[in-house]
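Peer 1: Protein sequence lines, in the order shown, are assigned to chains Z and G.
Here the first sequence stands for residues 0 to 281, numbered as in numbering that gives the first Met the number 0.
Here the second sequence stands for residues 0 to 324, numbered as in numbering that gives the first Met the number 0.
If you are wondering where the hints come from, they were derived from the structure by calculation, not from laboratory data.
Using N, Cα and C, we set each Cβ at its ideal position, and we do this for glycine too.
Treat the hints loosely; a few may be bogus.
Chain Z stretches covered by chain G per the calculated footprint, using a threshold of three residues with CB under 8 Å from any CB of chain G [said to hold, decoys possible]:
| hint | segment |
| --- | --- |
| 1 | 96 to 110 |
| 2 | 141 to 152 |
| 3 | 180 to 191 |
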Amino acid sequence: MFPKPIEKASPATQLSYKLFLPVALFIWLLPMLAIVMTSIRPAADINSGNVFGWPSDFQMIENYTAVFIQSEAWTYLKNSFWITVPTMIISVSLACLAGYALAIYKFRAALPLFFIFVAGNFVPYQILMVPVRDLSVKTGLYDTVTGLVLFHSAFQTGFCTLFMRNFIKALPFDLIESARIEGVGEFRIFWYVVLPLVRPAIAALAVLIFTFVWNDFFWATVLTQGEASKPITAGVRALNGQFVNNWHLVSAASLLAAVPPVAMFFLMQKHFIAGLTLGAVK
Amino acid sequence: MNPALQGLVTIFIGVGGCMAYFYVSNLILDKVIYPAKGPNISQNINRANLVRPWLFLLPVIILLTLYLVYPVVGSFVRSLYNRSGDEFIGLGNYSSLIGSSDFRVAFFNNALWALVVPALSTFLGLVIAQLTDRLSWGNIAKSIIFMPMAISFVGASLIWKFVYAPDPDIGLINAILTSFGMEAVDVLQIPFWNNLFLMVLLIWVQTGFAMVILSAALRGVPEETIEAAIIDGANPFQVFFKIQVPQIVATIIVVWTTITIGTLKIFDIVYAMTGGNFGTQILPSYMMQFMFRDDGRATAVAVLIMIIVSPVVISNVRQARKELR
């Protein structure tokens, strides 16, 4: 078997692998480990300089409750949730429709439209900033959860449509053809034949969009102002100012922001990776 | 309104409205406008099928026109007007930008980012993909390398503040330096090098992406080619660089360009770590300086970013087109 499993290589190679890789991985994770450790330390440890050693006491619950009590963290988390989940649902369902149309119907505008989607996918979002902000202010959507949802849905739908179109294009076309010959209506073909087949794509997209939107900081900064609609990414920066020099609280707050996408990643790792691979290589 | 309620209402209107629109519009098309009966039945069916794709596409097209096409055009037009937006000044914003030394610093730094980050992330991703592929616990190692990808850039920035903090009691790097008896330094204030320290963050995040895609590509390399090379006496380095890598060049280019495009629009890291001070400004964070002060200049920077990105975008569209044929 090529490549050979490492167990069959020479002892020297084996040793260097076994030593070097874990060390490299440890260094890779060191920033994460440091922040996890800091977030469960009592404040006294940090003041006395015990930042890298074993914590003198585990105060995980105390620190995390302190974050919730002393700040708006809970509001931020709720906002993030209510921005991310509707966006995920709206853009994936719209993309199913549009992807279906682009993949299944043969019409002259299909190809140019497809290329507009490809290009739109790579448009730097900076160029959208000023008009989108003005538009949101004019329509009263500035500084609201709905405004962020609408914008994110629109922006992510481009990517999702591209992804769906490629996925549906790869399905056997005979299935749809034979359903048509049987006289099944177009909507029922979409609903009963195509949708069940694209479930893996829907799962992959849902995970990707969840992480993209949850982790967005740019639009959170541009389109929100107050506490009432700020998501956790922008909130964490505010907390960073509020908890100055309370490093144990800053790190707990930062970890809170990272927990949902990281949890999502570990639970749905297969879909996440499938999504990235499909999205990049097509 | 309460955010939970807002969210629920948006889901309901968004999805329910979409489905209803879709069902009803198809119904009207098939039963009312071009009914599949009567004297013109075949003509009616053909016409209905010509209209149908547009029914599927309409919601997406409306959303994208409103939030993508209109803003791109709007930004370009806005960049030709002055600060308050009431006087047309042509390319005035652009010429004053190019004349400012801050802009040139940001531009130079951005070029540095676009060269260093994709190169190092792709290289590291490739090497790690190859090394962990031969390992029994390779998948665990991959998950670990990949995990930063799930964290937001702001989150990553806060995490790395612990690494770079000037206080040796907090900062990892300074803790190591002082334990060797050296002076603690604020690494984010060392001219030029601080840019590279910021890039480390993005490399930390993007290597996982490169690794995942490239490891899938490496698995697709036909085994016979590797086998033949080994029988001919190639050493592992030769197998890797002369047999495996040449066969996945197309994927490497895709990964490289994807990371390049991503790198050109990242602003979170610089914004959160240094705020663009100490000579670390890049164009996207430079633009944020003008956000609420001078929309004319802000949009001019945005248009310039767009122009810089466009060759990469065009090459990607070309690539997609080639694959279609």
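Peer 1: Checking against the hints above, which ones are violated?
Peer 2: Violated hints: none at all, because every hint is consistent with the structure.
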